[in-house]
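Chemist: Please work from the sequences and hints to get the whole structure.
Those protein sequences? They're chains A and B, same order as listed. Here the working numbering is used: the first residue of the first sequence is 1, the next is one more, and so on. Here the working numbering is used: the first residue of the second sequence is 1001, the next is one more, and so on.
I should point out that these hints are in silico values taken from the structure, not numbers from a laboratory. As the structure is a computational prediction, the values presented were derived from the model and not from experiment. Be careful, since some hints might not be right.
Pairwise CB distance ranges (calculated) [claimed, not checked]:
no.	chain 1	residue 1	chain 2	residue 2	range
1	B	Lys1601	A	Asn30	39 to 49 Å
2	B	Gly1983	A	Gly21	23 to 33 Å
3	B	Ala1464	A	Gly21	52 to 62 Å
4	B	Ala1872	A	Ala36	44 to 54 Å
5	A	Val72	B	Gly1368	54 to 64 Å
6	A	Cys19	B	Met1543	30 to 40 Å
7	A	Asn30	B	Asn1611	17 to 27 Å
8	A	Val72	B	Thr1403	34 to 44 Å
9	A	Val72	B	Met1634	37 to 47 Å
These stretches of chain A come out as covered by chain B in the derived footprint (C-beta under 8 Å, 3 or more residues) [claimed, not checked]:
no.	region
10	1 to 12
11	50 to 58
12	61 to 71
13	74 to 84
The beta carbon of each residue, even a glycine, is placed where N, CA and C say it ideally should be.
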Amino acid sequence: MLLIECPFCGPRAETEFHCGGQAHIVRPSNDVDDTAWESYLFIRNNPKGIHAERWVHNHGCGRWFNALRDTVSDRFLAIYAMGEKPPAIDGLEDGNDKR
Amino acid sequence: MTQSHRLASGGRIDRSKAVRFTFDGHSFDGFAGDTLASALLAHGVHLMGRSFKYHRPRGPIAAGSEEPNALIQLDDGNGRTDPNTRATVIELFAGLRAESQNRWPSLERDVGVINDLFSPMFPAAFYYKTFMWPKSWWESVYEPFIRAAAGLGHAPTMADPDRYAHRHAHCDLLVVGAGPAGLAAALAAGRKGGRVILVDENNALGGSLLNDADGPLEAWLAEVSSELAGLDHVTVLTRTTLTAYYDHNYLTALERITDHTGLVDGKSPRQRLWRIRAGRVVLATGAIERTLVFAGNDRPGVMLASAARTYLHRYAVLVGRTPLIFTNNDSAYRAALDMRAAGTSIAAIVDIRSNPQGALIDAARGDGIRIHTGSVVVGTDGRHRVHQASIARIGADGRLSETLGRPLACDCVLMSGGWNPNVSLFSQGRGRLRFDDALAAFVPDRAMQAVECAGACAGTMTTAGALSEGAEAGGGGIDLPAVEDIVEGPLQPVWAVPSDRTGSRPKAFVDFQNDVTAKDLGIAVREGMVSIEHVKRFTTTGMATDQGKTSNVNALAIVAGQLDAAIPAVGTTTFRPPYTPQTFGAIVGSGRGRLFDPVRKTPMHGWAEANGAVFEDVGNWKRARYFPRPGEDMHGAVQRECMQVRETCGLMDASTLGKIDIQGKDAREFLNRVYTNAWMKLAPGKCRYGLMLRDDGFVFDDGVTACIADDHFHMTTTTGGAPRVLAWLEDLSQTEWPDLEVYFTSVTEQWATMTISGPNAREVLAPLVSEDISTDALPHMAWMEATVAGVKGRIFRISFTGEVSFEVNVPAGYGQSVWEAIVERGKVRELCVYGTETMHVLRAEKGYIIVGQETDGTATPFDLGMDWIVSAKKPDFIGKRGLERPDLKAADRKQLVGLLTKDPDMVLEEGAQVTASDRITIPMPMIGHVTSSYMSSNCGRSIALAMVRGGHALNGRTLHVPQLDGSVVDVTVTGTVFFDIEGARIHG
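Modeler: Listed below in structure tokens is the structure:
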């Protein structure tokens, strides 16, 4: 079971959290074409390596935050606030930040 | 029976405490400190079980938890039974009842042994290939046969009478294994003041020291044990197996609390599962001796050389009187020397190596022990016990040359194929392994977590090395006792010893428990399995309850040899938790029976229970489904309740509806974005029905939301959807629109909610309410603060029945008293209390959807005929863009329609398929399914709702619903409203 550093409560067990999938996906405006909307709804990165993810401490403080997790080692490399850009870390896919 | 093989002195047993036990119904005695295996061996009993596939007689080959053969069913006769426990780790207690497994009628005379005679017919993958054809035989012949043959022990038939506990623990350092390395690590860390947990599966600290004669470390062991016991921040857990090593240094350990006593005092749990989060982990799990793979290596009496030493030194038991030692390394010479010193007559040492050198070899020679170098055991004989072994010389090319004239008489064969560092937990923790050529074994390489290995677990096979590595891993700074290790020479691996015996009879076992032979591995390779993971599954090697602790490296090496590849190239199989078998009870802990799943009850639950309600589970809630009168069945009760609500009035407990209190200056804007309809103009005192979509355009939840004030709303959700709606709103608020100031609070359990509905509803309620609740003062879709039966609350004019309805909300604590007041008052107006089943029928009569019943996560508002609720004017809401997707606008989408059966008494099955044709063909094109279906007394007939492809254009058409019995029911497509189609009643 992972140990996750909630920025508000400190390190807590994974069972207190829920992962909200890939981070930094911007909801597009209504006038985008179907391909762009499809991409927003369904298309996600699945990297072997560093992944920017949304997490919520739903059985704790209830707050959302962003995290960089290495999907190979399950190590958390960074925890940062919603709305913040991911810290510069080698291996973070460029694609994560585009949409 | 006398303990014929027990020495008069020595061992770590208490001869003053005799312990009687039974094995297969026969009474035996042993001593406190014995295991079941050591006590039986003290009586000269080696035969303890039958193998899985061939039912071959088997005795223990080990003295610890790695034992594959001696599997025992423990049964106290009172519902406590444990299959597949290892005799080698069962601590003896008075009254222990042990049974051997996989034999009938008895261990000595087992009928299943016939499998062994026919073994040429049962090679690897026999089941996969044989039980394929004819297909029709599968259910009637093959499956019953396999089921009858499968498994060793038998599962309990009664509920587990024992109690199990969980404990969470945190520490700076977790040390696994309390041998020299583990003790040194725990001591070093403990002295520094860190929180230390030390676990060991044995009943005492010492690890390998317990298996040795009194040595120079005996005093040190006593000192360290007592010092650790005195340190407050050090937790020492014996009889505790580290069962699993998960991510981020999260580990579980199983502590056996009463298993060794057989006593059940009702106070202590039987076992406790520790869930440990460790800052650092030191694995000092030692090494496990390997078997040698030679013909007849499974005969009772053949065992690991180290096991013989353990039985000798720890239990003062001689496993035989004329041992033959078969080895490829020096360590087995210790067994020969110790057995010799204990007075046995060594038949010979058979050493694969042509020219072994060193102190141990010299000592054996000095003792006059005969040593056959460059030789191997090529076969053994004996029915239930080995009585002789054949020896042959082996060349450097691995081929047999001359055979020794006569077989050597012996009553046990003590084998050693080298040692495997016990890397199971390191590997579970994702650590990478490396093949060490000198040890011919896998050793820890790269750790993926904060973990270090120390001692034999790390491949360091000397006691001095173990002590210093352990101390270092614990932080250093302690004085260590001086130990001089005897230098051992190199081993020479011979993974599969050739045999001069022909035919299929001389079997050389690799995996003892699953009866996998060297030949089976060869078959797997010839069948084209190249990955070790495939070979494992094809042959089942390493898949038994012992998980191949003694056999895996042998299997790998033999496969590598067959493939002509290096061992590391073949790789290693994955080690998986648990390290040793674990009871389900310990995993479940206290979460059973009433504590398995929490039950949620409404404030009026007690009244409903007292008044004969039949409950149904909705999520975790218990909801009153209907209130049968004496002699009434569900159908009768529901029809009566349905008619009475529309004729007079009814009262229902709606407290389970999700309720979310929404506040903040941007609350209104927020609602406007999550609902499909317009919310900017909803005035305080008014309510509105809203539909929530997901961004893909599909319906997510629905409910009525009331405007309390401009910055304050009261939202209701479906019962089941409450948690996910709240989570969704929080997600949007925190991550999508953090600029909006809005706060959400679940108030589901704060309000008791009761709906009074029907023509008499106002007359019943008005006298109880201080305020005016006339149509003018409180019209449909309005709400007001009111005092009901003396309790301040809120009344909402919202309806899920199509009748005039008042939804009374009062603080939960007053729920039942207000409810009772309404019921009492209702008596003069023929008020009936109704449940959820009646609610379902009433709402279906009105064509009101239930999210999750009519919808399945792929329905749009348009599919549901709810175009009216989707705002065309709003620039955006969640789902707006999603609804524009071409597929969501297609004409042939499944759409909500009503269905009327030709026969008004026929009630369709919910979930039944709808077809366009009444001629059944295969495959049958299906165009929809029934979502709701009831008998409606108010309509005088059955009614149904269905999602049908292009259904909105099919009004009046006849469709068909095939039945399970092959008949077909004709139905007519109608609108979705069956009762009070013009909708006048709701406003009264």
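Chemist: Run every hint past the structure and note whether it holds.
Modeler: So, going through the hints one by one against the coordinates:
1. B/Lys1601 / A/Asn30: 39 to 49 Å: holds (45 Å)
2. B/Gly1983 / A/Gly21: 23 to 33 Å: violated (43 Å)
3. B/Ala1464 / A/Gly21: 52 to 62 Å: holds (53 Å)
4. B/Ala1872 / A/Ala36: 44 to 54 Å: violated (22 Å)
5. A/Val72 / B/Gly1368: 54 to 64 Å: holds (59 Å)
6. A/Cys19 / B/Met1543: 30 to 40 Å: holds (32 Å)
7. A/Asn30 / B/Asn1611: 17 to 27 Å: violated (53 Å)
8. A/Val72 / B/Thr1403: 34 to 44 Å: violated (54 Å)
9. A/Val72 / B/Met1634: 37 to 47 Å: violated (55 Å)
10. 1 to 12: This one holds; 3 residues, not fewer than the three required, reach chain B with a Cβ under 8 Å.
11. 50 to 58: Per the Cβ count (3), the hint holds.
12. 61 to 71: holds (count 3)
13. 74 to 84: Result for this restraint: holds, n = 3.
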